[in-house]
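As they're listed, the protein sequences go chains F and X.
Using our numbering, you'd call the opening residue of the first sequence number 9 and step up by one each time.
Using our numbering, you'd call the opening residue of the second sequence number 9 and step up by one each time.
Derived from the structure by calculation, the hints contain no laboratory data.
Put simply, identical chains are the same to the list, so a pair is met inside one copy or across any two.
With a straight-line Cα cutoff of 25 Å, these simulated BS3-like cross-link-like pairs (lysine-lysine) come out:
no.: 1; residue 1: Lys68; residue 2: Lys32
no.: 2; residue 1: Lys32; residue 2: Lys371
no.: 3; residue 1: Lys431; residue 2: Lys401
no.: 4; residue 1: Lys58; residue 2: Lys142
no.: 5; residue 1: Lys114; residue 2: Lys43
Given next are the chains, with one letter for each unit.
2 protein chains.
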Amino acid sequence: MEKPRELNAKKEDFSKWYLQILEKAELVEDRYNVKGFNILRPWLMEITDKIYGIWEKELKNKGHKKVLFPTIIPEENFEVEKEHVEGFAPEVFWIDRAGNKKLERKLALRPTSETSFYSIYPFWIRSYLDLPLKLYQSCSVFRYETKATKPLIRTREFLWIEAHNAFATEKEALNQVKEDMEITKKVYHKLGIPFLFFKRPEWDKFKGSVFTFAADTILPDRKRLQLPSTHYLGQNFSKPFNIKFVDENEKENFVYQTCYGPPISRTVATIISLHSDDFGLILPFFLSPIQIIIIPILKKGKENEILKYCEEVKKILQDYRVEIDKRDKSAGSKFYEWELKGVPARIEIGERELEKKEICLFKRDKREKVFIKMEELIEKIKELEKEIEENLKERANKFFEKAISEADTKEELERKTNFGFVKIPFCSRDAEGERCAAELKDICEIAGTLYPEEEKPKNKKCVVCGKEAKVYVYACKSY
Amino acid sequence: MEKPRELNAKKEDFSKWYLQILEKAELVEDRYNVKGFNILRPWLMEITDKIYGIWEKELKNKGHKKVLFPTIIPEENFEVEKEHVEGFAPEVFWIDRAGNKKLERKLALRPTSETSFYSIYPFWIRSYLDLPLKLYQSCSVFRYETKATKPLIRTREFLWIEAHNAFATEKEALNQVKEDMEITKKVYHKLGIPFLFFKRPEWDKFKGSVFTFAADTILPDRKRLQLPSTHYLGQNFSKPFNIKFVDENEKENFVYQTCYGPPISRTVATIISLHSDDFGLILPFFLSPIQIIIIPILKKGKENEILKYCEEVKKILQDYRVEIDKRDKSAGSKFYEWELKGVPARIEIGERELEKKEICLFKRDKREKVFIKMEELIEKIKELEKEIEENLKERANKFFEKAISEADTKEELERKTNFGFVKIPFCSRDAEGERCAAELKDICEIAGTLYPEEEKPKNKKCVVCGKEAKVYVYACKSY
Chain F
9 MEKPRELNAK
19 KEDFSKWYLQ
29 ILEKAELVED
39 RYNVKGFNIL
49 RPWLMEITDK
59 IYGIWEKELK
69 NKGHKKVLFP
79 TIIPEENFEV
89 EKEHVEGFAP
99 EVFWIDRAGN
109 KKLERKLALR
119 PTSETSFYSI
129 YPFWIRSYLD
139 LPLKLYQSCS
149 VFRYETKATK
159 PLIRTREFLW
169 IEAHNAFATE
179 KEALNQVKED
189 MEITKKVYHK
199 LGIPFLFFKR
209 PEWDKFKGSV
219 FTFAADTILP
229 DRKRLQLPST
239 HYLGQNFSKP
249 FNIKFVDENE
259 KENFVYQTCY
269 GPPISRTVAT
279 IISLHSDDFG
289 LILPFFLSPI
299 QIIIIPILKK
309 GKENEILKYC
319 EEVKKILQDY
329 RVEIDKRDKS
339 AGSKFYEWEL
349 KGVPARIEIG
359 ERELEKKEIC
369 LFKRDKREKV
379 FIKMEELIEK
389 IKELEKEIEE
399 NLKERANKFF
409 EKAISEADTK
419 EELERKTNFG
429 FVKIPFCSRD
439 AEGERCAAEL
449 KDICEIAGTL
459 YPEEEKPKNK
469 KCVVCGKEAK
479 VYVYACKSY
Chain X
9 MEKPRELNAK
19 KEDFSKWYLQ
29 ILEKAELVED
39 RYNVKGFNIL
49 RPWLMEITDK
59 IYGIWEKELK
69 NKGHKKVLFP
79 TIIPEENFEV
89 EKEHVEGFAP
99 EVFWIDRAGN
109 KKLERKLALR
119 PTSETSFYSI
129 YPFWIRSYLD
139 LPLKLYQSCS
149 VFRYETKATK
159 PLIRTREFLW
169 IEAHNAFATE
179 KEALNQVKED
189 MEITKKVYHK
199 LGIPFLFFKR
209 PEWDKFKGSV
219 FTFAADTILP
229 DRKRLQLPST
239 HYLGQNFSKP
249 FNIKFVDENE
259 KENFVYQTCY
269 GPPISRTVAT
279 IISLHSDDFG
289 LILPFFLSPI
299 QIIIIPILKK
309 GKENEILKYC
319 EEVKKILQDY
329 RVEIDKRDKS
339 AGSKFYEWEL
349 KGVPARIEIG
359 ERELEKKEIC
369 LFKRDKREKV
379 FIKMEELIEK
389 IKELEKEIEE
399 NLKERANKFF
409 EKAISEADTK
419 EELERKTNFG
429 FVKIPFCSRD
439 AEGERCAAEL
449 KDICEIAGTL
459 YPEEEKPKNK
469 KCVVCGKEAK
479 VYVYACKSY
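Chain F on its own, in the form it takes in the complex (with noise of 0.2 Å):
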C-alpha cells in the first residue's frame, strides 16, 4: 500500500513528523493565537483522560488522595521559600488587574503548587495521627518558556498531577520516592514505554529541594525528555511553611515532604513518538477511543445486506469500543484516516467476506491483513489485542536499548551523544561537578545517576576533568 501523501518519513525528520501527525491525526491544533498554548482535540482529549484514569487509580491505591486548589498563588507564598521563588520567578505568568481594577497583590498562575498546598496543610497536620498526609491534584500549569515551544512536549500551558506529601520521619519520605519510583514503573510498563530512573546532579535538581528523581525517556530523534520527577523536600518547605506536628511522645516536629509530578501532556507525547510509524500513531486496545473500526465496502445492490452483516459483526463484539463507519467516503480514505489515529484493529467487510462468513482484520502494528472466520471472532480479536500490546512494548524497548551506550573519554561522548544516552565516568554529582558538566554543555546535559542502583567507577577519570570518578553519570541531549 503507498505511504500517504502527508506524513513525512519519521525517521528522516522527527520534528516535521510530529508536528504532521498532531496535524493529520486531528490530534492537536496548533494555531490558537498565543505562542505555546495548543488546543487538545477530540481523541488526543479521551487518550489524555484516560492516561490520567490510569495513575489516578494508582496513586489513589497507594492511598493518595484527590484534592483541587486554585490555579493562582499570591505573591506573598511564593515568597516564603527563596530558592523556590529564585528558581520559577523567571516563568512565572502574573495577574495583576481584574477588571478596571488593580489587584492589591499580584496573583501568580501557579506554575506548580508547592505554595499553594504547603500554606494550608498547617491547618491540616496537627497530630502525628494527621500523617502521612499524601494529597494530589490533576490540572494544567503554566510556565512562561523561553526555550522553542513544541506541543505536548514544551508548553506554556500542560497538564500533569502533582502529589504533595506529608511525612513524620525522614525515613518514610524516602521510601514515598521508591513508591514513587514504582508506580512510575508500572504506568510506563503498561503504557510500554522505556526509561530510566535518575537522581539530578546537584545543580540540576528542583529549587527548594534536597534531591530530584526523575524519569527520562529518549525520542526517536535521540534526545532525552523528561517524565514523571520526585522531589525530597526534607523539611526545606515545612520550616518556612511552620508546617508541623506533634508526635506520640506530645514533642512538636517539622514535617519530611515529598513530591511527585507525573506529566500528563508529555506522556501522551511519548505514546506518540514511540508508538507508530510514517502511517500514523499506534494504539494499545485499552488506550484507543475506538477499538475496533469497521468498515464495509459497499457492492451496488447488495448494501444492506452487507450493512447487515457490518452489524451482526458489531454485536459480537459488543465488549469492545467498536463502530461502524457509514460515513459518505471511499474506503480508501477511511484506512488513511484510521491508521492516522492509530486505532488497533480495522475489519473491512464486503461482499466477498458476506458470502464466505468471514471477516477481514487488519492489524495496525503490523500493517497485515488476515482473514477469519466469524466463530473464531472474538479469539482472534483478544490475541491482537495481547500481540499489539507486547508488539509496541518490544519495538519501544529494542529502540531504547541501542539509544544507551557508554564512552570513557569525551571524544568518544562526543561521537555518541546524538544516539541517545552515553554512561560516563564523572569527577561529582554534587556542586563540584558542575564546572565539568557547563564545559559539556554545548555537547549535551548530564541526566544524573541511575537510581536507585547506583555503580561506582573503579579507576576511571571523569570524562572532562580527569580527575579520579566518583560516579557514572548518563549524559544526553535534551528537549
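Given chain F's structure and the hints, the job is docking chain X onto it.
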C-alpha cells in the same frame, strides 16, 4: 440520639449551617489566602468527579466530543463580539507580565470560552459535512465577582462544563436548546434536584446571545440558584468570527450557534444544600465515595472475632464501595463523622451481632437502625439503595413544591418572595419590561417565563405597571 454539637440547625440559619457543613464534613477549605478561591477536599472532590462523569456521559451520548482549550484568551479575541466583551469586561482577570517581562498583549483568564472556541471554528468548519460541530470542555473559569462570595455557590474560580455547538440551520440550533434541557432534566432527576427551566427576560440574557434559557432551583433559604444555562447565539458570534460553511448547493452561510454551561460547583452545592439534615450530608449510593461503612464495636477479648466478622461482611458486600473503619477512635465519633459526610449505609458490628449472626444497619436518610440477618444482607442493602434515592427526591420535591406560589398584586408578591418562586402576571419579557423589573429590584428578580410551555395570562394586569400582562413570569430572591 443527641444533635452533634457543632452543626447549626439548617432551618434556623441556612448560611451558617452551610459554611459549617463544608468545614465539619471536610468538604471545602475556605481559608486559602485569596478571597473567593477555595480548595476542594478529597470527599468533595470524589463527588465532583462523579458528577462530571454523569454529565459527560450524557453529553457524549448526544454526540458531543470533549476538547480542551487554553485557560487564557488573548485580549483581541475578546473584543470581537462587542456586547460580549462589555458584559464580561468588569469581571475579567488580566495577565500582563511573565517573569519580569511585560507581555506584548494582555491575556484574560477565561471567564467563559466563546471567544477562544470560535476563533478556531473557522479552521474546523468548512463544509456542511463538518456540521453539526458539538464540542465541550470540563474546566474551571474565573470571574472577579463583586457580590459576596460563598463557597461553591459564588466564587472567583469555579468548575463547569461548557459546550459550544455549531449548526447549519436555525432549526437545528433551537433543537439543541431542547436537547440541552433534556440532558439537564435527566441529570437532575438522577441527582434528585428539582428545578424550573426559564427563558430569561431580555434584560437578563447572556451578553452576546439572542436568548438565554436556564434551569433554576431554590435553596433552603428560599433563594434562587441558577444552574445550567443554554444560550441561543444565532449568528451573533459566527458573523464577527467568520464561521462559515459551504452548504450542499455550494453556497456559503454563517453557522447558527448555541452554548450550554452545566455548573459543576453549583450542582455540588445544591446536593449539599438539599440532601442533608442537621446531622450532615445525605448521599445517594451512586454519589458516595464510600457507600457502606462498617464500624466494629470492639469488646475486650473478642476483638479478633469481631474484626474477622467485619471482614466477612465486607466480602459479602464487595460489589459496593465498602470500608471497615478500624481507626483508634470511639465508635461514637466515627458515627458522627460518617453521618456528617453522608455515607448512606452504616453497619455496626459488636458482640451482640457476632453472636446472633446479624448486623445492625443504620440508614442515614431516616436515621433508623434495623437488625438484619446475614442471609438477607445483600437484599436489604439493595432495598436501601433505592429507598434513599427515592426519599431524597421526595423530600426535595416536597420542599420545591412549597417554594412555588402565585401573586396577582405587588403587595401579595412582597409577602411571598421570601418563600421561593412567585408566579406573577407581567407586562413583558422584552426590553420594555425592564423598567417594571427595575422597580421590583429591592424585592425580587425576574427569573423569566417558563420554557417551553408558556401559559398566557388572560385579563390579568402587570403587578407593577398595571398594563395588560402579556406573560407570566417567575419572581424570586436570588443568589
